[in-house]
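Student: The residues making up each chain are set out below.
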Amino acid sequence: MKREITRRDFLRLSAVTAVGAVVAACAPPAPTATPVPPTKAPAPTAVPTIAVAPPVATTAPQPTAVPAAKYQEAPMLADLVKAGKLPPVDQRLPKKPWVVASYEGNGKHGGTWRRAFNGVSDRWGPTKLVDRAWAWFDKNLNLVPRVLESWEASKDGTTWTIKLREGLKWSDGVEHTTADYAWWYKNELNNKKVTPGVQTIWADPDKQYAKFEALDKYTAKFTYKKPKPMFIYNMVRGGQGGTASAGPITPSHFMAKWHEDTTTDKAALEAEYKKRGFASWEKFYVDRAQWWYLNIERPHLGGWVAKNEMAKELFVMERNPYFFGVDPEGKQLPYIDKVTHRLFESQEVKNLWVTNGEIDMQYRHMTIADLALYKSGEAKGDYKTVMGIGAGHVAMQLNLTTKNKLLNEFFNQRNVRIAISHAINRDQVNQLVFNGMYKPRQYSPIPMSPQYYEKLSNAYIKYDPDTANKSLDAAGYTKKDANGIRLHKDGVTPISFTIEGTDQAGTPTEDAALLVSKDLAKVGIKATYKYAERSLYTAHYTANDIEAAWWGGDRTVLPLVPEAQLFRGLNADRPWAVAWGFWYTNPQDPNAVEPPKDHWIRTIWKIWDEEVSVEVDPAKQTAAFKKLLDVWATELPYVGILGEQPTPTIVKNGFKGYPPGMPNDDPTGDEQFCSSETYYWDDPSKHMG
Amino acid sequence: MLAYIVRRILIMIPTLFLISVISFALIQLPPGDYLTSYVAQLRSMGDNIQQEAIDAMRDRYGLGQPVYVQYFKWIEGIVTRGDWGQSMEWQKPVSELIWERMGLTVVLAVFSLLVSWLIAIPVGVYSATHQYSMPDYAMSILSFVGVGVPAFLWALIIMYFAQTQLGMNVGGLFSQQYLEAPWTWDRVVDLLKHIWIPGLIVAIENTAGEIRTTRANLLDEINKPYVELARAKGLTENRLIWKYPVRVAMNPFFSTVGWSLANRISSITLMSVVLSLQTTGPMQLRALLSQDMYLAGSFLVLLSTLTVVGTLISDILLAWVDPRIRMEA
Chain R
12 MKREITRRDF LRLSAVTAVG AVVAACAPPA PTATPVPPTK APAPTAVPTI
62 AVAPPVATTA PQPTAVPAAK YQEAPMLADL VKAGKLPPVD QRLPKKPWVV
112 ASYEGNGKHG GTWRRAFNGV SDRWGPTKLV DRAWAWFDKN LNLVPRVLES
162 WEASKDGTTW TIKLREGLKW SDGVEHTTAD YAWWYKNELN NKKVTPGVQT
212 IWADPDKQYA KFEALDKYTA KFTYKKPKPM FIYNMVRGGQ GGTASAGPIT
262 PSHFMAKWHE DTTTDKAALE AEYKKRGFAS WEKFYVDRAQ WWYLNIERPH
312 LGGWVAKNEM AKELFVMERN PYFFGVDPEG KQLPYIDKVT HRLFESQEVK
362 NLWVTNGEID MQYRHMTIAD LALYKSGEAK GDYKTVMGIG AGHVAMQLNL
412 TTKNKLLNEF FNQRNVRIAI SHAINRDQVN QLVFNGMYKP RQYSPIPMSP
462 QYYEKLSNAY IKYDPDTANK SLDAAGYTKK DANGIRLHKD GVTPISFTIE
512 GTDQAGTPTE DAALLVSKDL AKVGIKATYK YAERSLYTAH YTANDIEAAW
562 WGGDRTVLPL VPEAQLFRGL NADRPWAVAW GFWYTNPQDP NAVEPPKDHW
612 IRTIWKIWDE EVSVEVDPAK QTAAFKKLLD VWATELPYVG ILGEQPTPTI
662 VKNGFKGYPP GMPNDDPTGD EQFCSSETYY WDDPSKHMG
Chain F
1088 MLAYIVRRIL IMIPTLFLIS VISFALIQLP PGDYLTSYVA QLRSMGDNIQ
1138 QEAIDAMRDR YGLGQPVYVQ YFKWIEGIVT RGDWGQSMEW QKPVSELIWE
1188 RMGLTVVLAV FSLLVSWLIA IPVGVYSATH QYSMPDYAMS ILSFVGVGVP
1238 AFLWALIIMY FAQTQLGMNV GGLFSQQYLE APWTWDRVVD LLKHIWIPGL
1288 IVAIENTAGE IRTTRANLLD EINKPYVELA RAKGLTENRL IWKYPVRVAM
1338 NPFFSTVGWS LANRISSITL MSVVLSLQTT GPMQLRALLS QDMYLAGSFL
1388 VLLSTLTVVG TLISDILLAW VDPRIRMEA
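So the sequences go chain by chain: R and F.
If you read the first sequence in my numbering, its first letter stands for residue 12, the second for the next number, and so on.
If you read the second sequence in my numbering, its first letter stands for residue 1088, the second for the next number, and so on.
Simulated from the structure, these hints should not be mistaken for lab results.
On a predicted model such as this, the values are computed, not experimentally measured, just so you know.
Glycine is no exception: its CB is placed at the ideal position from the N, C-alpha and C atoms.
Treat the hints with care, since some could be wrong.
[Unchecked claim] On the chain F side, residues computed to face chain R include the following (Cβ under 8 Å):
{"hint": "1", "residue": "K1179"}
{"hint": "2", "residue": "L1362"}
{"hint": "3", "residue": "P1369"}
With the hints as constraints, model all of the structure from the sequences given.
Tutor: Below is the structure:
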């Protein structure tokens, strides 16, 4: 009896202690004080003491001149200014600020803008709100100055003189000048440890960097040997790190202390990088100093600065008191005080946040497949689904360089590709899968694009199985097997290929792929859609082990940015010319194959290399690019199916500045196209959360 | 007994070593490495990253070294400095990322373990003592449904119901204002307001099985002669059932503590992805997908350690509770 009681006691006790021990072992370590970013901005070192000169209308095609009165302070910052912790707004703005109007009237200061993101790999969402650089697009997709005051190119396009805005400041209050650019040029671009390889955008075709000169504090000159017509486009986005390089917009006063050549205390730098587990200073420099969302002390030029690291569940950004833009009434931008990104793991949770009205304005992660859901939640969630026009296409790539010899021969006949295009019932796919919201078209620039080329958009899109059958017969593929599948010219092998894609079963794009493969079966071609996990897909196209792909196509608003790689067959993930693309980029690549001497892809490359990429005059450049598109319209390298995809953006009622019908593409910043600083709440007091 | 415990603990060392080797090897199995997926991601964003830059990064992360060198460097850091390595995707030391998540996961697992025992034992006992009655049938049906419906589906259903019918804010373990707040009493209350959904879901999935176990075991015991004898001696039915056969029937609960914790952690993983809970699950899944090897490896090792420790506890408990267990190796 006694023994039993001991055992029971032990049992009770040990169960409790065991659970306790496990909990204790796994509890977070004592909450070490999380580094709180200093709320007080460092006192700027060079604030002009005299009153700022009245703003002068800028040279750029911008809205009307600013009234001569003082600029208006955001209420959120007013107390800091009163307390002397921040200089007044007039001293924080450049002499000639960037004047920009909202697309929906003048706004009000204040409020919070709630968004959702899914982790550090989703950094592009928040980045597009703040990656302010030299220039941006107006409504008609013309380039206008943003960080720059103006620029000028020499007639031959080799020399570019840029003028910075005088008094424009980094988010820590230090002035942004050509000294920053000179520092970047010397210590980052031309330092082989920091920048291994050659950054092509700053180099001539001979891989030598352009010459850089700082003419004065606000004027700089880049001199190339060959024309560089896309020079300004290099710095339309970017400039905040996170990509291969931040470019010239580098806060040298901040970065200098991480750089071996410029630090004043080498021992401290060495101690610091070793403490953080880096093997050398340049590894530390590149890893730590570039990521604006993890290295929040790094100053930048965007409208909001990070208040905590993106590795958290709620990523918070607050207004940059030194932002260089004002609205036509002189209110310092951005209008909105605070932007939050909340972490989600599943689309379902994000969708419930949308329908519950917990997302204020966002396109990223919204898909046309969920349109019905968004619409059904509009009343309860108090938002609207604003439709823009996407660059994306539903398309199929036939790999013209596939290792399968018979298929290679088959795909490389122009008439076969045209027959395949005619065999697809685009209207049916559109109606059955997408409720008719897309437009049947080939992969090509969309109508709002300066490079829109109707001939390509409409090439061979008519559903015409008879013509398709006749073309295939004429091409010599007349024999069929017992299942009605045509035979290759060897007379025994049926024409069958796999279309690989990353669209999973049940998604609309997968449904579309299945319909297309049924259409192809009707003309005697067996095409099977196969889902491949992304990394498997990557492994396949990298090794040129892919027959056909289902990857769609985007970048059709401004196809020239960056460098029309898709149209030249250089994006191996849209694998229509994998091995040829490898050859063009690097003939030594083990998977590279040289295209035949008189092949039309050489015409495409020639037009690009000798005309488009060296033409300075935008009109002539567009004309040259249309010549390239004409080769596409003739040869049809890519089987486009549907395009002009409608894109849903969730916009809370009362959130202004983003009208319907805007272009939606990566190079134009997606839903940040209309300059996110100009988005505002019509009643900010209701959105202070 | 002491020798037995010491022996079990010594066996844990090679077990954990093997686990860490296997975890690390598994992560290395898929083709490519973290940079492959990172570069693919950059390229799909239109970033024309050059081979030299990729090589420099591979060197920076030490990915060019042989696998065993990478492994020993990692283990050395853990054993000598408590340094679990650097997460490549998050650009932060692993140890800064995982502890709070491990804590939440364990709290959730233990919470659901207690909830399901609290439900399973009385219900199972009732079912067994009232075999083939209407309530027994009803509970059997319910528990089969519980066993059959996967946790992520419950998560979707309950989440939808909670939002549309109860008007609750779903997704995550905290309301937005407490997400980045320091630990205060209000934050704990907020956590409790949210934890019941996942706790309930994990409990539903596991309780059902436990009800069946309790019922079956108790049915085996209930007809044994010692029960008859106790009844003949005039013990009240309640006292009799709870004092003797139920205790024997509970043996499986103790012997399975180890893997029922592990089980719960894996159902928490799937459910956390669906519900966007910041437990270890979603981060671990993503680390595995992007081949962020130190992060993924650390999760695997820590969670396996938990299982191994759980098994040790259950062994000790069993040895103490059940005199029939032999103490030999």
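Student: All the hints need checking, so say for each whether the structure fits it.
Tutor: Hints and how they fare:
1. Because the smallest distance between the Cβ of F:K1179 and any Cβ of chain R comes to about 6 Å, under 8 Å, the interface hint for this residue holds.
2. Interface hint status for F:L1362: upheld, as the beta-carbon distance to the closest one in chain R is roughly 6 Å, under 8 Å.
3. Restraint check, F:P1369 versus chain R: the minimum CB separation of about 4 Å is within 8 Å; hint holds.
In summary, this structure violates none of the numbered hints.
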